[in-house]
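Protein chains: 2
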Amino acid sequence: MKIEVLRGGICAVKGVRAHGIKEGNKGLALIEGKGKAAGMFTSNKIKAAPVRFAKKQLEKGEGRISAILANSGCANSFTGEKGMRNAEEMAELASSSLGVDKEEVAVASTGPIGEQLDMGLIERQLGEVVNGLTSGEVGSTAAAKAIMTTDTFHKERAISIDTGDEERVVIGGIAKGSGMIFPHLATATMLSFIYTDASLGEEALRRSLKDAVDNSFNMIVVDGDMSTNDMVLLVSTGKGGKISEGDFKEGLNFVCKELAKMIVRDGEGATKFVEVRVRGAASVEDAREVAKAIVRSPLVKSAIFGERLDLTCGRIIAAIGGSAISGDIESSEISISLKNENEKEVLAVKKGEFMDLSGVARDIMKEKEMIIDVDLGMGGEVEATAWGCDLTYDYVRINAG
Amino acid sequence: MKIEVLRGGICAVKGVRAHGIKEGNKGLALIEGKGKAAGMFTSNKIKAAPVRFAKKQLEKGEGRISAILANSGCANSFTGEKGMRNAEEMAELASSSLGVDKEEVAVASTGPIGEQLDMGLIERQLGEVVNGLTSGEVGSTAAAKAIMTTDTFHKERAISIDTGDEERVVIGGIAKGSGMIFPHLATATMLSFIYTDASLGEEALRRSLKDAVDNSFNMIVVDGDMSTNDMVLLVSTGKGGKISEGDFKEGLNFVCKELAKMIVRDGEGATKFVEVRVRGAASVEDAREVAKAIVRSPLVKSAIFGERLDLTCGRIIAAIGGSAISGDIESSEISISLKNENEKEVLAVKKGEFMDLSGVARDIMKEKEMIIDVDLGMGGEVEATAWGCDLTYDYVRINAG
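Sequence lines, in order, name chains A and W.
Per our numbering, the very first residue in the first sequence carries number 4; after that it's consecutive.
Per our numbering, the very first residue in the second sequence carries number 4; after that it's consecutive.
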């Protein structure tokens, strides 16, 4: 198979129309596109009304979605029964505007926790958004912009997969998420809506989405806080070419990783992008835990901001040991090297021993992008990658409001 | 029982002598005092040599300790077999200097990870420290100062317990820990050495230490990173009065909480001290998880630094839901109030609803000390308290080196 990057985000998928508007910090995005759907939702024990509603819709509507209506500027979270009624009303409004079954409308929200939606505003904005619906690439961009909160740029990606059998499958997605640049936002929410024309069964869609999310959105850390509103929806129109589940997974992984990395690059106050690759763990779960523990550590993150090669490595060691892995760790087997984009490499820890780094050019820490390669030396062939950013003065400034 | 605060730290306990010196960032503390001992150690999977050594000593020496030798400026962590031999040599040096059984010497270290100890320096410093050993309160202070790294003040506390039966029991402790003000320190280590004259069995000592540590040192968060060197040792000379296990636990809890709170007050870059009380959880474990999740959240911490009442509450909600508790959470049962030292109180969330805080005096956020009171409303009578600090520009400055 061959992957080619396309323009157009979600609208690169035939049959998908979108639009969105933003007034001040209140935005509304509408996406129309029918198909089988799979969803993944926040594991926060306090789930916002739209999350509970969208989960229910996916179960009720036989796993089909015809439209997604998403607002920014209010999370509709911790809003009691009224919040649940408002989520339902959002779906009803979209359903009657588009003439689609209201059981097949999903809703999503992002913004401050604890406030009720302004339904009058949503109704008014919806009228405008419906009129602007388009299958052109501007539609995807408008929707991606409408759901931005603290994001400093909008996020979309589309690909075409050449399966090699003269079949082509398109996957396109938009996402939002960054952190907390807008001072009233209570928690950074991650939303992503992905469309494809791939013809695949429901179970295959669900498996593919879980696999892709586990390797992408679940492997990024800005600050380790978890939103009540996170949601990823995948809708397949089924009108495209045939594709094996394996090839589709690979394509979906690509799109989700691209979107996830955009979120980290847009991390609040971030000046550096960090990729952590962990090899040689006893299991892939352990490799993931270690990779996430490293990108989550405030001490590692601030050492990277300070461009301190010496501090970074000791703190990585402590983060590895402090991670919630099930297997043992053998200090004398751990190796760590740091690379930059050009694959210039510094071996910092070799089989349990810190290398003498006094003579080493520390330019590697001055790069905007860094790869930390950790070999746990436990023999496993498994590997996991996590993405994160540095911890900066701007993170504090932004979040202290 | 009645608790009275004494001067003198560990030297308030009869039979305990101590001294310490510090040259630059290299310090050495020696404590002499024979008795039954209990210890608790870091749960980091990568344990520094002194941690592994001290654990072994506690098992070998039939749970008795005659002396503790602790150095600052080098963690002796991730130092391989040479590190283990050096930890042993530290114990041998103390043993021959004091004429005590070397099986009964515990060692501890704090400082940067990945460097070997300078044994020549330790031997030279030990000579000086042995000569200065004293049972006066200056001994405790010198030892507490010698183990400081990034600490901005030394930490000691002693109490006398009046059991009511004309018996008196003394408990005295020192501690170090704060964060990372010294730029070469790889991870903030928490060390605490506690002495008592209470006459209690080994099992009772162990149970009491676990209980006290679970309620104190295990409930403080500066940044959520876990050291490879954390250690708490409790030594009982047994020469004091009789005391019930319950009364002793209460006293030991008091001392450990006092020392733990000092560590948080000395948290790197901290400008605010935050106490989080969680009630109404299904179990005490759940209450602890929720309390720790709140004090750990970078978003909550930066909102407190920014004195933003509005931001703080939504972020607390997200932290509660994101905590690793086993029971369910019912949003509509959660109440949150904020108090300051003078118990001026703002009810911010009442049974799942955000109160209108627009008219409320926000002075409460301007205080240096704040109490966040969370009632999960799940009916349990259990309660847990955690302590933390705000996330500030100085945290980043300090840790970026």
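Do not rely on the hints blindly, as some may be mistaken.
Any copy, or any two copies together, can satisfy a pair, since identical chains are not distinguished.
Stated by the list, open to error - DSSO-like mimics (lysine-lysine), calculated; alpha carbons at most 30 angstroms apart, straight line:
hint, residue 1, residue 2
1, Lys213, Lys354
2, Lys58, Lys245
3, Lys59, Lys213
Read the hints as simulated data drawn from the structure, not as lab findings.
Please read these numbers as outputs of a predicted model, since none were measured by experiment.
Going down the list of hints, with the structure as the test:
Proximity of Lys213 to Lys354 under the C-alpha cut-off of 30 angstroms is found in neither arrangement, the shortest distances being 34 angstroms within a copy and 35 angstroms between copies. Taking CA atoms no more than 30 angstroms apart as the test, Lys58 paired with Lys245 passes inside one copy only; the shortest distance there is 28 angstroms, against 61 angstroms between copies. Taking the closest pair of Cα atoms, Lys59 and Lys213 come within 30 angstroms of each other only inside a single copy of the chain (18 angstroms); across copies the shortest separation is 45 angstroms, beyond that limit.
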